[in-house]
Amino acid sequence: MDRRDFLKILGFGALVVGFSKMLPQLSYSLALRKSENFEPPIPHIPIGGIIRPPGALPEKEFRAKCISCGVCVNICHVMKYDAIAVWGLGSLRDFGTPYIKDMRDFPCGLCMECPKHCPTGALKEVPKEKVSMGQALIDFSLCFGWNGDVCLSCSKACPLGAFVFEFYNSEWGNQPYINDNCVGCGLCVKYCPLGGSAVKVITKKTYEKVKEEYINEFQKLLKMNMEERYLLVYNENLPKILSRGRIVEREYR
Amino acid sequence: MKVREIAKNYEFIRRIVMFSVLFLLLLQFIRSKILVGSLTGSLLFSWLTLLDPFAFLEIQLASRSIDLNAINSVLPVIGIYLIFGRAFCGWICPMDFLFRLINKIKFSLKFSLSHKIPSNIGYLFFFIFLFSSFMFGIPIFTNYLSHLTNLFRGITGLYFLIFDMPVEFSTVLYSILFILVLLMLEFFFPNLWCRIICPIGRLYGSLNKISLLHLRFDRDKCLNCQVCNKSCYMGIEIMNQINQGKLRSIDCIFCGRCIQKCSQKGNVINFKLGV
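In the order they appear, the protein sequences are chains X and W. 192 is the number that the working numbering gives to position 192 of the first sequence; each next residue is one higher, with no gaps. Position in the second sequence (from 1) plus 1000 gives the number in the working numbering.
Simulated from the structure, these hints should not be mistaken for laboratory data. Please note that the accuracy of each hint is not assured.
Here are the simulated DSS-like cross-link-like pairs (lysine-lysine), alpha carbons at most 27 Å apart as the crow flies [stated by the list, open to error]:
1) K116/X x K1033/W
2) K156/X x K211/X
3) K209/X x K124/X
4) K8/X x K130/X
5) K128/X x K1033/W
6) K1008/W x K1272/W
7) K80/X x K1104/W
8) K8/X x K1106/W
9) K1104/W x K8/X
10) K209/X x K130/X
11) K1221/W x K1272/W
12) K124/X x K1008/W
13) K1106/W x K1116/W
Now the in silico label distances, taken between C-beta atoms and shown as ranges [stated by the list, open to error]:
14) K130/X x N1072/W: 18 to 24 Å
15) G48/X x G1079/W: 42 to 48 Å
16) L1048/W x F19/X: 33 to 39 Å
17) E1237/W x K8/X: 36 to 42 Å
18) K8/X x K1230/W: 26 to 32 Å
19) N1009/W x K130/X: 52 to 58 Å
20) I1102/W x G13/X: 20 to 26 Å
Facing chain W, from chain X, some residues (calculated, C-beta under 7 Å) [what the hints assert, rightly or not]:
21) A64
22) S68
23) V78
24) D82
25) G88
26) L89
27) D102
28) L194
29) G195
Fair warning: this is a prediction, and the values are worked out from it, not measured in the lab. Idealized CB from N, CA, C, for every residue including glycine.
Pulled out of the complex, with its shape left as it was, chain X reads as follows (with noise of 0.2 Å):
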């Protein structure tokens, strides 16, 4: 056997470990995604279209001018918060363009990176509070704050703070809303501490749309007396709460 066979050996070899140490690890990642698949916040609204990064285009332009280079998904990779996912087969004219995927474990951190450097112009560049990738909207029936109980988790999360957030104080916590001016980031539907999330964003589009019934439940609530109030919050909501809590034991990263 001369230098170069044995070489070869070696090489084939290498590949052989570092492909069966990589297995498992994949296999793994496959699997832990199905396994935290429940029922999200809101399920009468839909998220009704693809959240862009920010300083998208409208979505016809938008489609017109990416071409799935990958500068956006690898920028956003490389200020360490990989939000960035591209589209996949399931509508073929979508293909290929980037969307924030997953808010629940990455949400966009808006650094502002992507749209200051897509070789294209499909990101435009505009000021942090100018972007509009989607709305949040809070589910009342699981939110802390609606449900008797004081938690700030949310507005502190957000890079917008007091531009986005208003609180309505009761005996029955601190009520959070989020209002029009909410740029759809996702670091609520992050740091929520209720398991699966209380938060949900929404496209702009769809937000039009259900804004007048979100907002008719939203003043509902408010103005609903003691006993209604308190045979909804301990009859329906808190159930439904410490259920999800026994499911999802959360670690954050």
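Start from chain X and add chain W according to the hints.
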């Protein structure tokens, strides 16, 4: 091997250039900011954005408007390839390496190369891709069919999948399968992709007509042995052009194979940087 011999070994230098660019692109996974993105669009030192010229044409047609950001990022690339012509194909494109690997396997299996289709048919594909981008309003080639996009999308997807970051599994699967299909295509129809279908190389090739880098011939020393014709990957008939003194073919990828294989060892054919 002497230093001069290594320097003349263009195959070796080409692979070094290709792997160093690929290595810089892979460094982005360990959060380096030197070169971020892929070969269709990238970001150099978080300062200069670069864009593939064919992708540029496609997005202008798809969006039916002119975008300043895109022009800004395509100008440096055009500047580079006004000097080097179609050198992208031979010196940077990783598919060139993979295809040559496939060709080597094939030679051991005793298949034969055929270059009988004229490469001008490629213009048909070029304009079909541009027209379909215009019709559908999506950059069709760069988004779905490009070997560069799919290669880097596949690599990035696999990396993200392994290290448990958000990624769409179907995208990774599509990209890797597409690359495998291209390799199969190369196995059965050698050089069909590079010579005829790929519009990226064709656009760079059109810069060959005016680029500074080109091939020069010394007619007097030529022995008419036809070795250069047989050695050319891209099937250019070099001997027919030897009377003109220089080669400005759209197909030439400046791989330097004809220079090395020449029986007169670099005295007849050589690279020339100049007008």
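Evaluation of the provided hints:
1. Of the pairs offered as hints, the one joining K116/X and K1033/W holds, with about 14 Å between alpha carbons and a cut-off of 27 Å not exceeded.
2. Taking the CA atoms of K156/X and K211/X, the gap is near 24 Å; set against the 27 Å cutoff, the hint holds.
3. A C-alpha spacing of about 26 Å is found between K209/X and K124/X, which places the hinted pair at or below 27 Å, so the restraint holds.
4. Proposed proximity of K8/X and K130/X is contradicted: the alpha carbons are some 57 Å apart, above 27 Å.
5. The suggested pairing of K128/X with K1033/W holds, with an alpha-carbon distance near 23 Å, which does not exceed 27 Å.
6. This hinted pair checks out: K1008/W and K1272/W have alpha carbons roughly 14 Å apart, not beyond 27 Å.
7. For the given pair, K80/X sits about 41 Å from K1104/W by alpha-carbon distance, which is inconsistent with the 27 Å threshold.
8. Between K8/X and K1106/W the CA atoms are separated by roughly 20 Å; this keeps the pair inside 27 Å, and the hint holds.
9. Pair hint K1104/W plus K8/X holds up; C-alpha atoms about 17 Å apart against a cutoff of 27 Å.
10. Our distance criterion of 27 Å between C-alpha atoms is met by K209/X and K130/X, whose separation comes to about 21 Å.
11. In summary, the hint linking K1221/W to K1272/W is supported, as the alpha carbons are separated by about 17 Å, within the 27 Å threshold.
12. Among the hinted pairs, K124/X with K1008/W is inconsistent with the structure: their alpha-carbon atoms are about 47 Å apart, more than 27 Å.
13. Distance restraint check for K1106/W and K1116/W: the Cα-Cα separation of roughly 18 Å lies within the 27 Å cut-off, and the hinted pair is therefore satisfied.
14. Evaluation of the 18 to 24 Å hint for K130/X and N1072/W yields a pass: the beta carbon distance comes to about 22 Å.
15. The hinted range of 42 to 48 Å is satisfied by G48/X and G1079/W, whose Cβ atoms lie roughly 44 Å apart.
16. For the pair L1048/W and F19/X, the beta carbons lie near 36 Å from each other, so the given range of 33 to 39 Å is met.
17. As the Cβ distance of E1237/W to K8/X is approximately 38 Å, the hint placing it in 36 to 42 Å holds.
18. The beta-carbon spacing between K8/X and K1230/W, approximately 30 Å, falls within the hinted interval of 26 to 32 Å.
19. At roughly 56 Å, the beta carbons of N1009/W and K130/X sit within the given window of 52 to 58 Å.
20. Our hint of 20 to 26 Å for I1102/W and G13/X holds, since their Cβ atoms are close to 24 Å apart.
21. This hint holds: A64/X has a C-beta 4 Å from the nearest C-beta of chain W, less than the 7 Å allowed.
22. Residue-level restraint check for S68/X holds (minimum Cβ-Cβ distance to chain W is 5 Å; threshold 7 Å).
23. Proximity of V78/X to chain W holds as hinted, the smallest CB-CB distance being about 5 Å (cut-off 7 Å).
24. Nearest Cβ of chain W to the Cβ of D82/X: about 4 Å, under the 7 Å cut. The hint holds.
25. For the restraint placing G88/X at the interface with chain W, the shortest Cβ-Cβ distance is roughly 3 Å, inside the 7 Å limit, so the hint holds.
26. Taken as an interface hint, L89/X checks out: its beta carbon lies about 4 Å from the nearest beta carbon of chain W, inside 7 Å.
27. At about 4 Å, the closest approach between the beta carbon of D102/X and any beta carbon in chain W falls short of 7 Å, and the interface hint on this residue holds.
28. Checking L194/X against chain W: minimum C-beta separation of about 21 Å lies over 7 Å; hint violated.
29. Hint status for G195/X: violated, given a least beta-carbon distance of 20 Å to chain W, over 7 Å.
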